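J.: Under the numbering used here, the sequence shown has 1266 at position 49, and the numbering climbs by one with no breaks.
Please note that a few of the clues may not be correct.
Unchecked claim - Each computed DSSO-like pair below joins lysine-lysine, with the alpha-carbon atoms no more than 27 Å apart: (1) K1354 - K1220; (2) K1261 - K1220; (3) K1264 - K1220.
Derived from the structure by calculation, the hints contain no laboratory data.
Please read these numbers as outputs of a predicted model, since none were measured by experiment.
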Amino acid sequence: MLKLSRLTDYAAVVMAQIARHPQQPHAAAELAEAVQLPHPTVSKTLKMLVRAGLLESRRGAQGGYSLARPASHITARDIITAIEGPVAMTECSHADGDCDLASVCGVADNWQRVSLAIRTLLDSVTLAHLADTAPIKLPVQLPIQSISLASDTA
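With the sequences and hints as input, model every part of the structure.
T.: Right, dumping it as structure tokens:
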């Protein structure tokens, strides 16, 4: 089964909570209570999101966590990458990938297309979409039909 980790799911929940109230900084304890997750889990998630540049942290009485940029400029892919690392279907499907079978497997180009289609779709979903209670309208036709790789132009 292809699925995201719980920590990534929690990161999206926490980010959406912050996005719903972007004008104020949020304390870790307050966020944990609001989303009903354990404080240590929320704290760990917040630190990872700060390290990825998606959140800013300020100390002090008026401190807390806030979005590093508007919710409309943070994508689902940004959140996933902050927790999981690069989005790719196979080892050879991302820029730093390394595979001993790449020269003989015969499916690498198509896995790269699938990975690129998934990344493109995740890039089209913003934190603003995730934070909204209305259902996201996804494209009917997936972008894989229009994807070309660097190897196609050679």
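J.: Each hint should be assessed against the structure and marked as holding or not.
T.: Hints, one by one, checked against the model:
no. : hint          : result
1   : K1354 - K1220 : holds, 21 Å
2   : K1261 - K1220 : holds, 20 Å
3   : K1264 - K1220 : holds, 22 Å
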